[in-house]
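As they're listed, the protein sequences go chains A and B. Just so you know, the first sequence maps onto residues 1 to 78 in our numbering. Just so you know, the second sequence maps onto residues 101 to 178 in our numbering.
Note that these hints are calculated values from the structure, not bench results. Please note that a few of the clues may not be correct.
[What the hints assert, rightly or not] Derived coverage of chain B by chain A (criterion: at least 3 residues anywhere in the stretch with Cβ under 8 Å from a Cβ of chain A; other residues may be distant): (1) 103-117; (2) 142-155; (3) 158-166.
[Stated by the list, open to error] Cβ pair distances, simulated, as ranges: (4) R3(A) / G162(B): 33 to 43 Å; (5) A40(A) / K177(B): 36 to 46 Å; (6) Q63(A) / G151(B): 20 to 30 Å; (7) R103(B) / S78(A): 33 to 43 Å; (8) C111(B) / D61(A): 13 to 23 Å.
[Stated by the list, open to error] A few chain A residues that face chain B, going by a derived Cβ cut-off under 7 Å, partial list only: (9) C11; (10) E18; (11) S54; (12) L60; (13) Q63; (14) F65; (15) S72; (16) S74.
Predicted, not measured: the structure shown is a model, and the values here were computed from it. Every residue, glycine too, gets a C-beta built ideally from N, C-alpha and C.
There are 2 protein chains.
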Amino acid sequence: MKRATFYHAGCPVCVSAEQQFVDAIDPGKYEVEIVHLGTARNRIEEAEGLGVQSVPAMVLDGQPFHINFGASISDLKS
Amino acid sequence: MKRATFYHAGCPVCVSAEQQFVDAIDPGKYEVEIVHLGTARNRIEEAEGLGVQSVPAMVLDGQPFHINFGASISDLKS
C-alpha cells in the first residue's frame with residue numbers, strides 16, 4: 001500500500017481540493033491521510049522535508065505535488 | 101462515472117505528475133483521459149474553457165486543479 005498525504009490549512013482553496021482529490025484517490029492503492037497544518041503545527045517540518053512549499057499539496061508515494069495555491073508554508077509558520 | 105481529464109504538454113514536470121496522478125485515480129469512480137495539448141492543439145480552447153491556466157492540470161468532474169507548474173496555456177499557443 002502506497003501512502004498519499006494531503007496537507008492543507010483549512011483555506012477555501014484547500015477544502016475544495018481536498019474534497020475532490022481525496023475522493024478520487026484509489027483506496028485499493030493508496031492509504032490516504034489528511035493533515036491540517038494549521039492545527040497540527042508540529043507536522044509543518046515533516047511537510048517541508050517532503051518538499052511541500054505551499055498548501056494544498058498532495059504527497060504521493062513520497063513525491064510532492066502542489067495543487068492550485070492556498071497559502072505558502074512560510075505563511076503558516078508566522 | 102465521473103470524468104477526470106489530465107492536460108499536459110509533454111514537459112518533464114507534466115510527465116512526472118501524469119505518472120503519479122493518473123495511476124492514483126480510482127478507476128471505479130473516474131474515467132481518465134490524458135490530453136497532450138502540444139499535439140492536440142485543437143483542444144487548447146476546451147482546456148481554457150474549463151479554467152485550465154497552466155499545465156499539468158487535472159480537471160476532476162469539471163473542476164480544474166493546477167498541479168505544480170510546467171507551462172502556461174498562453175505559452176502553448178505561441
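If any of the earlier hints don't hold here, list their numbers in rising order. 2, 4, 9, 10, 11, 15 and 16
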